[in-house]
Amino acid sequence: MIQAEMVEATEFPELANRHGVSGVPQTTINDGMAHVVGAVPEGNLLAEIQRVLAG
Amino acid sequence: MAQLLNDDIIKQIREVFDDGLKNPVHLMFFGSVDNCQYCGETRQLAEEVAAISDLISIEIYDLDADADLAAKYNVDKAPGLVIAAKEGDQVTDFGVRLAGIPSGHEFTSLIQDIILVSSRDSGLNPQTREFLKGLEKPILLQVHVTPT
Chain A
1 MIQAEMVEAT EFPELANRHG VSGVPQTTIN DGMAHVVGAV PEGNLLAEIQ RVLAG
Chain B
1001 MAQLLNDDII KQIREVFDDG LKNPVHLMFF GSVDNCQYCG ETRQLAEEVA AISDLISIEI
1061 YDLDADADLA AKYNVDKAPG LVIAAKEGDQ VTDFGVRLAG IPSGHEFTSL IQDIILVSSR
1121 DSGLNPQTRE FLKGLEKPIL LQVHVTPT
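If you read the protein sequences in the order shown, they are chains A and B.
Heads up: the first sequence is residues 1 to 55, going by our numbering.
Heads up: the second sequence is residues 1001 to 1148, going by our numbering.
Just so you know, the hints here were simulated from the structure itself, not pulled from any lab data.
Glycine is no exception: its CB is placed at the ideal position from the N, C-alpha and C atoms.
One thing to keep in mind: the hints can contain errors.
Under 8 angstroms between C-beta atoms, here's a sample of chain B residues computed to sit facing chain A [as the list claims (entries may be wrong)]:
no. : residue
1   : Lys1072
2   : Asn1074
3   : Ile1101
4   : Glu1106
Listed next, the in silico SDA-like pairs over lysine to any residue satisfying Cα-Cα at most 25 angstroms (straight line) [unchecked claim]:
no. : chain 1 : residue 1 : chain 2 : residue 2
5   : B       : Lys1137   : A       : Leu45
6   : B       : Lys1133   : A       : Gly20
7   : B       : Lys1133   : A       : Glu11
8   : B       : Lys1137   : A       : Leu46
Go ahead and model the full structure; you've got the sequences and the hints to work with.
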């Protein structure tokens, strides 16, 4: 149910643009439903996932 | 093409693998003949890493020629790498993907991903695992990085 993909942003600029990447690392959830810039502690990522699922 | 990993690096990786690799890992590389600047280097890098340990196997695929397999594993970028588990002939997907060349710091991510999949343990805390067990909708996490 979960897929995690590292995306080398300079090779996929269209996706990076679409996801509004302004700094790296940026974690994008479900193709733009949420974004987190910088390192993400486990609890914060879980909270973001829960927010996306609730939204 | 000349070897990408020099002897020193290979020695270091071998030490890390000797310590960290517990179970077989299967790499599935997806390249493309069209407009793929880093496919050749990424493939070679993955093959050189796989050659370091008997616990790592690798298969080479093409995004177009192997479109069914790419769709099955939800790979839509080249170069793309699926880091999966393997027991005998059985490949188990843990959803771990790399898109683009894992160079610079991201080379460390490749090595760590291999060790993580080899451990068969996400390392997540019990509350997180409990929540994720109940997931009813798929979650896609894409971590944009740059190779510096």
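Now the hints, each set against the structure:
no.	hint	verdict
1	Lys1072	12 angstroms, violated
2	Asn1074	6 angstroms, holds
3	Ile1101	6 angstroms, holds
4	Glu1106	7 angstroms, holds
5	B:Lys1137 / A:Leu45	16 angstroms, holds
6	B:Lys1133 / A:Gly20	30 angstroms, violated
7	B:Lys1133 / A:Glu11	34 angstroms, violated
8	B:Lys1137 / A:Leu46	14 angstroms, holds
Of the hints listed earlier, those the structure fails to meet are numbers 1, 6, 7, in rising order.
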